[in-house]
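Visitor: Put the complex together from the two separate chains, hints included.
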Amino acid sequence: MLKYHFDWSVVTSGKYFEWLVSGFKVTLQLSALSIVLAFLLGLLIAVMRMSNNRPVRWFAHAYLEFFRNTPLLVQIFFWYFGSYKILPTVVNDWLNNSNFEFAAAVIALTIYTSAFIAEDIRSGVLAIPKEQMEAARSAGFSYIRSMQYIILPQAVRLTVPPLVNQFLNLAKNSSLAMTIGVMELTYQARQVESYTFKGFEAFTAATVVYVAISFFITALVNIYNEKVLNIHKAA
Amino acid sequence: MKKLVTLLMVTVLASIAAKTVLAADTLAEVKKKGVLVAGVKDSLPPFGYVDEKTRTIVGYDIDFIRAIAKKLGVRVELKPVTSASRMPQLEGGHIDIIAATMTKNPERAKQIDFSHTYFLTGQKFITRKGAVKSLKDLEGKRIGTAKGSTSEQNVKKAIPSATVLSFDDYPQALLALEQGKVQAVTTDESILIGILDKAPNKSSFEIPSIRISDEPYGLGMRKGDKHFVDFVNKTLLEMEKSGEAARIFNKWFGPYHLQRTFKITADK
Numbered sequence: 001m002l003k004y005h006f007d008w009s010v011v012t013s014g015k016y017f018e019w020l021v022s023g024f025k026v027t028l029q030l031s032a033l034s035i036v037l038a039f040l041l042g043l044l045i046a047v048m049r050m051s052n053n054r055p056v057r058w059f060a061h062a063y064l065e066f067f068r069n070t071p072l073l074v075q076i077f078f079w080y081f082g083s084y085k086i087l088p089t090v091v092n093d094w095l096n097n098s099n100f101e102f103a104a105a106v107i108a109l110t111i112y113t114s115a116f117i118a119e120d121i122r123s124g125v126l127a128i129p130k131e132q133m134e135a136a137r138s139a140g141f142s143y144i145r146s147m148q149y150i151i152l153p154q155a156v157r158l159t160v161p162p163l164v165n166q167f168l169n170l171a172k173n174s175s176l177a178m179t180i181g182v183m184e185l186t187y188q189a190r191q192v193e194s195y196t197f198k199g200f201e202a203f204t205a206a207t208v209v210y211v212a213i214s215f216f217i218t219a220l221v222n223i224y225n226e227k228v229l230n231i232h233k234a235a
Numbered sequence: 001m002k003k004l005v006t007l008l009m010v011t012v013l014a015s016i017a018a019k020t021v022l023a024a025d026t027l028a029e030v031k032k033k034g035v036l037v038a039g040v041k042d043s044l045p046p047f048g049y050v051d052e053k054t055r056t057i058v059g060y061d062i063d064f065i066r067a068i069a070k071k072l073g074v075r076v077e078l079k080p081v082t083s084a085s086r087m088p089q090l091e092g093g094h095i096d097i098i099a100a101t102m103t104k105n106p107e108r109a110k111q112i113d114f115s116h117t118y119f120l121t122g123q124k125f126i127t128r129k130g131a132v133k134s135l136k137d138l139e140g141k142r143i144g145t146a147k148g149s150t151s152e153q154n155v156k157k158a159i160p161s162a163t164v165l166s167f168d169d170y171p172q173a174l175l176a177l178e179q180g181k182v183q184a185v186t187t188d189e190s191i192l193i194g195i196l197d198k199a200p201n202k203s204s205f206e207i208p209s210i211r212i213s214d215e216p217y218g219l220g221m222r223k224g225d226k227h228f229v230d231f232v233n234k235t236l237l238e239m240e241k242s243g244e245a246a247r248i249f250n251k252w253f254g255p256y257h258l259q260r261t262f263k264i265t266a267d268k
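So the sequences go chain by chain: A and B. Heads up, the first sequence is in the working numbering, so the first residue is 1 and it goes up one at a time. Heads up, the second sequence is in the working numbering, so the first residue is 1 and it goes up one at a time.
Same shape as in the complex, but just chain B (with noise of 0.2 Å):
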């Protein structure tokens, strides 16, 4: 058994140093091939998703790296990733940036470095209409999230007696709430309202206002990318002070009539 371990580890050591070739200074490295490399949700209205009628991938974080991209003058090569995928697809260096709705947190710092926060949301949940007033509503309950994000840790924390069912993906969640198998489903506000917009019998459920979290979200870079990073925190600002920044949010959550509650400003 040993030696089994053993061989496994000097297998992935090795698929580790063959990557660590690539990219230290990612800012010169994209101006070089001409083009960014953005891992992004493709099923995530309004942040990442795919238009009908274009079938291109269209949404608020696509926006921002349009926007980083241009300033760059390089091409955006749009690349999918899930949330359990996009911190190793990044250190891989499949990808350049990550702009796939990620909350910052400590933990995640250790590991990549995050642009200021670019938008900024708190998990709350989908419920049945009036079923929830407060927290204490769903003590001991089922409670419905997907894999590989915050939002499972935050609910484990604020309702410890809570069963908390991880789901492959954010729509089998709510199927999941439709069919009584779990009595909400949490994520982020701004997340929750693009599921509830899309579900078949949205009349039927809410979201209460019920927040136990703030999340603020950043581009994830590679860590000590420091060029990129400063590059990528300067054209953010920049963006604020233009009002584009602004203009992106109500493109795409003026629709949803939600209100801009914080603006894009240097952190730390």
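This is chain A alone, in the form it adopts within the complex (with noise of 0.2 Å):
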């Protein structure tokens, strides 16, 4: 007969428990670094997307359908094998000798979703009206600093939502970082998963975990719209 014995101590308590913890600090730390970084590099695609120098937005127009269009797990094996063939041997060792899994895990994630956030943050930019820019630069502003002081700001409030679920996406992506090593907390639940045979219990625990951050990013954007930008839920 098949039975399944439920031992909810392996995910509890002990080694495997110590395991999945190191998972979830090194999902929050893959997760926070990726996801100010994305924003930053999005905003800036954004920028460089609305130019009106041409060859800087058809820069940002090439890498926006680049890197959208191509499978995340694709850019993750790029950066961690492929970019071996493209830099110099002295850069590859210095890299092999650090904690490169780790930092190709960023690259690729940053990259894959600040391509998503132009994209949100452009939309929210077309949302402002253009005469406000008329505006602005008839007052004496460069694009730049119209841009900084009078349409991103407002740009940035309307695309929260939007911003919300890409910071989500990026959540949960990491767990493909393990596909090239990095111990984050999937790599972790199935270490436990292939130690104890515990698959379900591993990965309930994993999922449990998954859900808690999504709540808290969530959580922050949130206190972050009503003290900070005064945008009631309701609204």
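Everything labelled a hint here was simulated from the structure, so no lab data went into it. Just to be clear, a hint being listed does not mean it is correct.
Here are the simulated BS3-like pairs of lysine-lysine, each with C-alpha atoms no more than 27 Å apart in a straight line [stated by the list, open to error]:
(1) LYS104(B) to LYS15(A)
(2) LYS129(B) to LYS241(B)
(3) LYS70(B) to LYS226(B)
(4) LYS32(B) to LYS70(B)
(5) LYS141(B) to LYS202(B)
(6) LYS33(B) to LYS85(A)
(7) LYS15(A) to LYS251(B)
(8) LYS198(B) to LYS133(B)
(9) LYS85(A) to LYS141(B)
(10) LYS53(B) to LYS110(B)
(11) LYS202(B) to LYS85(A)
(12) LYS226(B) to LYS202(B)
(13) LYS32(B) to LYS85(A)
(14) LYS202(B) to LYS104(B)
(15) LYS251(B) to LYS241(B)
(16) LYS157(B) to LYS25(A)
(17) LYS79(B) to LYS110(B)
(18) LYS110(B) to LYS133(B)
(19) LYS15(A) to LYS25(A)
(20) LYS136(B) to LYS156(B)
(21) LYS156(B) to LYS25(A)
(22) LYS15(A) to LYS79(B)
(23) LYS136(B) to LYS202(B)
(24) LYS263(B) to LYS226(B)
(25) LYS141(B) to LYS15(A)
(26) LYS263(B) to LYS53(B)
(27) LYS241(B) to LYS263(B)
(28) LYS157(B) to LYS141(B)
(29) LYS110(B) to LYS25(A)
(30) LYS71(B) to LYS31(B)
(31) LYS223(B) to LYS70(B)
(32) LYS263(B) to LYS223(B)
(33) LYS226(B) to LYS71(B)
(34) LYS70(B) to LYS33(B)
(35) LYS70(B) to LYS15(A)
(36) LYS223(B) to LYS71(B)
Guide: See below:
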């Protein structure tokens, strides 16, 4: 007969619990660092995408199409394995001796997500009446300064809900980093499974943690909305 | 949060309960449906891999399954599995037997039943030529392997100071070795010779004679499936006696110049 004995102790205490906790920490570091970098890079690309300078605009456009339309997994492999072919040996040796798995995952997650964030921000900017830009320019602001002081502050506010989605996606996508040996939460859950054969328990624990991380990010943004932007939930 | 956990558990339990009805006696069940469904590897020469000419899965593991099915008088259906998915697939009733380079160990034996050992190997390393003479040379180094395998656990025990990186598959681990991201790739010797044989620049690598474990492979069957286990064990012993088991070994490992250092015997 087929039986399955639940044993939640493997994920609530001892060595395996510590593995999951260390995986949780790595997932947090990976997500937090990539979210900040992806937001900054996305903002930059969005501004470049709307620039009046044609080469700059085209570069941003190409960047968006390229990174938005290739799977994240492929990009992770590209930065981890593919970069070897284009970088000089000295750089490769240095990278291989540092924590390149983590760095490659951050680079891939940042660049991939920044493309989506840039498009979200651009749509937010396009929602601002163009007279505002005209008014800013005629008041003597440069293009960059008009963006910085007039347009972006309003656009980012409009962009908050789609941005939250991108942040949540990033936190969940960080699990793909395990394919190149980053010891994050999913990696550790699989590790626990392969040692204990308690796959249900290990992955249930991981699921709960991912949900908690997502709730945490959503809560942070809600606080930001209410305290900083004075947007009420109902609005 | 508590509610959510309960909900998850209920869903999982329900899906397990739904499958519990299946196959208490696989032997009778297989004879009735006329087909033996086996979980096998499909990219691991010479144990189980897709033959380029015939487009079918062939190999050492497959020949054993075919011999068992022949004795049963049923067809064979091969289902590719990974190291991580094979036990859940068996327990979930998707396959009847596992023939996928699976090492017998006590933890696994708590979950499933194993046949007699039908293949014996040991865990070794692939390294750059001349780089590693003894286990000491690997201390504090980065070592690559594949997920969900016993190799990962053995190497951590043998060299606690090493960093073990698990990749999705062995070819990726070998790529990491080529690029200097790890200093060695480790798993069972029998698998290593298959990987090394396929490597594009195999002359710059070697398998040093450092063996960190014994790896007896067994066919996996559902826990308590006594009739089936007895039948498979009987078949294996007959294959040893008739010389068929040795013929299968030579067919797949002769080309790699590997000697057969074991005999299939009744264990436990």
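Visitor: Each hint: holds or not?
Guide: Comparing the hints with the structure gives:
In summary, the hint linking LYS104(B) to LYS15(A) is supported, as the alpha carbons are separated by about 23 Å, within the 27 Å threshold. At roughly 40 Å between alpha-carbon atoms, LYS129(B) and LYS241(B) are farther apart than 27 Å, so this suggested pair is violated. With a C-alpha separation of about 20 Å, the suggested pairing of LYS70(B) with LYS226(B) holds against the 27 Å cut-off. Of the pairs offered as hints, the one joining LYS32(B) and LYS70(B) holds, with about 15 Å between alpha carbons and a cut-off of 27 Å not exceeded.
For the proposed pair LYS141(B) and LYS202(B), the alpha carbon gap of about 21 Å is at most 27 Å, so the pair holds. The suggested pairing of LYS33(B) with LYS85(A) is violated, with an alpha-carbon distance near 53 Å, which exceeds 27 Å. Using a Cα cut-off of 27 Å, the hinted pair LYS15(A) and LYS251(B) is violated, with the two alpha carbons roughly 44 Å apart. A C-alpha spacing of about 24 Å is found between LYS198(B) and LYS133(B), which places the hinted pair at or below 27 Å, so the restraint holds.
Taken as a hint, the LYS85(A) and LYS141(B) pair is honoured in the structure, with Cα atoms around 23 Å apart against an allowance of 27 Å. Distance restraint check for LYS53(B) and LYS110(B): the Cα-Cα separation of roughly 40 Å exceeds the 27 Å cut-off, and the hinted pair is therefore not satisfied. Restraint check for LYS202(B) and LYS85(A): satisfied, since their Cα atoms lie roughly 19 Å apart, inside the 27 Å limit. Between LYS226(B) and LYS202(B) the alpha-carbon distance is near 45 Å, which puts this suggested pair outside the 27 Å criterion.
Our distance criterion of 27 Å between C-alpha atoms is broken by LYS32(B) and LYS85(A), whose separation comes to about 56 Å. Distance hint between LYS202(B) and LYS104(B) is unfulfilled; the C-alpha atoms sit about 30 Å from each other, more than 27 Å. Distance hint between LYS251(B) and LYS241(B) is fulfilled; the C-alpha atoms sit about 17 Å from each other, no more than 27 Å. Among the hinted pairs, LYS157(B) with LYS25(A) is consistent with the structure: their alpha-carbon atoms are about 24 Å apart, no more than 27 Å.
For a cut-off of 27 Å, the pair hint linking LYS79(B) to LYS110(B) stands: about 24 Å separates their Cα positions. As the CA atoms of LYS110(B) and LYS133(B) are separated by approximately 37 Å, the hinted pair breaks the 27 Å bound. For a cut-off of 27 Å, the pair hint linking LYS15(A) to LYS25(A) stands: about 15 Å separates their Cα positions. Restraint check for LYS136(B) and LYS156(B): the C-alpha separation of about 14 Å stays at or below 27 Å, so the hint holds.
Between LYS156(B) and LYS25(A), the direct Cα distance comes to roughly 22 Å. Compliance with the 27 Å bound is thereby established for this hinted pair. Of the supplied pair hints, the one linking LYS15(A) and LYS79(B) is violated, its CA atoms being roughly 35 Å apart against a limit of 27 Å. For the proposed pair LYS136(B) and LYS202(B), the alpha carbon gap of about 24 Å is at most 27 Å, so the pair holds. The straight-line distance between the Cα atoms of LYS263(B) and LYS226(B) is roughly 23 Å, inside the 27 Å bound, and the hint therefore holds.
For the suggested pair LYS141(B) and LYS15(A), the alpha carbons sit about 23 Å apart, so the restraint of at most 27 Å is met. In summary, the hint linking LYS263(B) to LYS53(B) is not supported, as the alpha carbons are separated by about 32 Å, beyond the 27 Å threshold. Proposed proximity of LYS241(B) and LYS263(B) is supported: the alpha carbons are some 10 Å apart, at most 27 Å. For the hint linking LYS157(B) to LYS141(B), the alpha-carbon distance of about 14 Å falls within 27 Å, and the restraint holds.
At most 27 Å may separate the alpha-carbon atoms for a hinted pair to count; LYS110(B) and LYS25(A) exceed this at roughly 32 Å. Annotation: proposed proximity of LYS71(B) to LYS31(B) holds, straight-line Cα distance about 11 Å (limit 27 Å). Restraint check for LYS223(B) and LYS70(B): satisfied, since their Cα atoms lie roughly 23 Å apart, inside the 27 Å limit. Distance hint between LYS263(B) and LYS223(B) is fulfilled; the C-alpha atoms sit about 25 Å from each other, no more than 27 Å.
Proximity of LYS226(B) to LYS71(B) is assessed by CA-CA distance (about 17 Å); at most 27 Å being required, the pair is judged to hold. About 14 Å separates the Cα atoms of LYS70(B) and LYS33(B), which keeps this hinted pair within 27 Å; it holds. The hinted pair formed by LYS70(B) and LYS15(A) fails the criterion: a straight-line CA distance of about 46 Å is larger than 27 Å. Taking the CA atoms of LYS223(B) and LYS71(B), the gap is about 22 Å. The hint holds against a cut of 27 Å.
Violated hints, in rising order: 2, 6, 7, 10, 12, 13, 14, 18, 22, 26, 29 and 35; the structure is consistent with all others.
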